[in-house]
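Residue numbers (the working numbering), protein chains in the order written: chain A, 203 to 535; chain B, 5 to 218.
Derived by calculation from the structure, the hints in this document are not laboratory data.
Fair warning: this is a prediction, and the values are worked out from it, not measured in the lab.
Please note that a few of the clues may not be correct.
Label-pair ranges, simulated between beta-carbon atoms [as the list claims (entries may be wrong)]:
| # | chain 1 | residue 1 | chain 2 | residue 2 | range |
| --- | --- | --- | --- | --- | --- |
| 1 | A | Val-519 | B | Ser-117 | 28 to 36 angstroms |
| 2 | A | Pro-448 | B | Val-180 | 32 to 40 angstroms |
| 3 | B | Leu-14 | A | Asn-409 | 42 to 50 angstroms |
Computed footprint of chain B on chain A, listed as stretches where at least three residues anywhere in the stretch have a Cβ under 8 angstroms from a Cβ of chain B [to be verified]:
| # | segment |
| --- | --- |
| 4 | 450-461 |
| 5 | 496-504 |
| 6 | 518-531 |
We put the beta carbon where it would ideally sit given N, CA and C, even for glycine.
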Amino acid sequence: MKMLFAGVLVAAAFGFYTEARALSGRADSDPGTADTLAFVSPFMEDNERCFKCHGQGKYEYENELLGTTVKALMCPDRIIRREDFYISNHRSFSCTDCHSSDYVVFPHPGELRMELKFNCLDCHGGDETYSIFSFEMIEEDYMESVHYKLEDEGFSCWKCHDPHTYRISMRDSKNLKETILYDNNICLYCHSDYTRFQILSDREEVNFLKTHDWLPNQASHFRSVRCIECHTQISDSILVSHLVLPKDRAVKLCNECHSKNSLLMASLYKFQSMEQRRGGFLNGIIMNESYVIGANRNAYLGTLSLAIFGVVILAIVIHVIFRIKTKANLKKG
Amino acid sequence: MYLYPLGIRLWHALNAILIIILIITGISMQYTDKGNLVFIIDFAAAVKWHNITAIILVISYIFFLILNIVSGNAKYYRINRNNLFSDLGKQFRYYVSGMFKGEKHPFPVSMESKFNPLQKLTYVLIMYAGLPLIIISGFGMMFPEITIVKLFGVSGFILTDILHITMAFLVTVFLVIHIYTCTLGTKPTSLFRGMITGYHEPEEESPEEVSPEK
Ligand code: HEM
Chain A
203 MKMLFAGVLV AAAFGFYTEA RALSGRADSD PGTADTLAFV SPFMEDNERC
253 FKCHGQGKYE YENELLGTTV KALMCPDRII RREDFYISNH RSFSCTDCHS
303 SDYVVFPHPG ELRMELKFNC LDCHGGDETY SIFSFEMIEE DYMESVHYKL
353 EDEGFSCWKC HDPHTYRISM RDSKNLKETI LYDNNICLYC HSDYTRFQIL
403 SDREEVNFLK THDWLPNQAS HFRSVRCIEC HTQISDSILV SHLVLPKDRA
453 VKLCNECHSK NSLLMASLYK FQSMEQRRGG FLNGIIMNES YVIGANRNAY
503 LGTLSLAIFG VVILAIVIHV IFRIKTKANL KKG
Chain B
5 MYLYPLGIRL WHALNAILII ILIITGISMQ YTDKGNLVFI IDFAAAVKWH
55 NITAIILVIS YIFFLILNIV SGNAKYYRIN RNNLFSDLGK QFRYYVSGMF
105 KGEKHPFPVS MESKFNPLQK LTYVLIMYAG LPLIIISGFG MMFPEITIVK
155 LFGVSGFILT DILHITMAFL VTVFLVIHIY TCTLGTKPTS LFRGMITGYH
205 EPEEESPEEV SPEK
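One chain only, chain A, in its complex shape (with noise of 0.2 angstroms):
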């Protein structure tokens, strides 16, 4: 019955995973989109001297010494599809801010392989206009976290940042169930493709299905919450953690969220708990989104219960005082 039973979970843990794969595409174009879907990039016709062979699978070119034109297919990570940059933070970008101009040229001059990389802070480090996103802070979580010590592997902030393609999905949350799957795709375009987590790691392939095998309801846990809650070290500066921890100390005490003072107040749920509440029940901001049992308890169900309880047992307590009472007459009669 249990192997039955566990077999079920896994089945619909990886239905939710094929599902969340596919649907990945869907969730890139969707929250936030409010003002992005009218924006207009003032680099639109520059930035297609790129697109024209990076926005697609496909790309041609003369060959002048051969006098034909070349047919050839993208390299998957050099890809860029246009509506996911005009959708992302960066949008308003054009290419060559951040490379250098001489990728106009074409063939690429090799050199410009070389060419050092921005990372966040080097635009956002220091500057007002960012302050909110405190990226200083996420700098110092991220040097604690495990993904610093990979630096040398190649590890950085693009790794789950796509500049490209990143889009702010916490704070500007329309969805929260859209969110936390846009989230835990960063996490699994790595974690859960080896090819890729390779690049950075020695360490043998890790099924994260079977490694979540004692997860009650996998398929729910991870519908519901990103894997960041557990795996990061909460923080009360930042909006995001992003202390990774090691995995021997991730969270996997199943009353840290399930109950009265749930975790999840302070991470999934700490932008909006901040804004709203909902009446009633115990940390009820989570119910728009889940439901967590032990930590949306009714408070009026549980009075309730509480006072029939005490009837019943008050009932019983008279009912045996009168049997008392009736014994004892018939003994003195």
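Given chain A's structure and the hints, the job is docking chain B with the ligand onto it.
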């Protein structure tokens, strides 16, 4: 009077143990709070044991249904719809006043009828409404992917859970009242012994049955 066949007694004992485990583990999940582990089982263990016990309970419940039909025990659960309310009233009056005045049992136990109307009603409600609802809603929570996602804009999962814990609460209240009313036999221990041996002890010698003139 041999009223409780072996199968029923075995089912009942197992059922009682399972329900008690389910109540304890269920309360543990509802009231997990960090650092409150003295009275309450650790959440992970509670989930595990609640699930295992629940699956056994489903099997034992199916056993109960089949056994009741096969052994004919089901006939004792048939509610007499004529005079239902006046019969319930009579039994209730006996419990709150009659029994202290030494009145006779309005519905004495016999081979034809082992439950009084109140017992019958509560047993029917608990066995044919309470447990099915709790089992169905429990399945909904064990396999959340089959639960209706939204009902009138409220998460189906919340409604399922509220149904589940409400029924669980009612079963708990039933259990308390049930155990108490089971002390109302000839002697406080008679009915319990009956449920172990299978024999119902005759009522005549009831010490609570004071003759009317006293
Ligand atoms: C420690 C727990 C329990 C004790 C000590 C107990 C005790 C008893 C006793 C003494 C009887 C025989 C008296 C009678 O027929 O009314 C009985 C019958 C019965 N009990 Fe319980 N009980 C317990 C738990 C439960 C639970 C949890 C349920 C259901 C959820 C339940 C359902 C029933 C039913 C349906 C009968 C009638 C069985 C039949 O003869 O067909 N009991 N119980």
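Consistency of the hints with the structure:
1. A:Val-519 - B:Ser-117: 28 to 36 angstroms: Roughly 30 angstroms apart at Cβ, these two residues keep to the hinted range, so it holds.
2. A:Pro-448 - B:Val-180: 32 to 40 angstroms: 48 angstroms, violated
3. B:Leu-14 - A:Asn-409: 42 to 50 angstroms: With a Cβ separation near 43 angstroms, Leu-14 (chain B) and Asn-409 (chain A) satisfy 42 to 50 angstroms, so the hint holds.
4. 450-461: holds (count 6)
5. 496-504: holds (count 5)
6. 518-531: Three-residue rule met by the segment 518-531 of chain A, so holds; n is 8.
In this structure, the one hint that does not hold is number 2.
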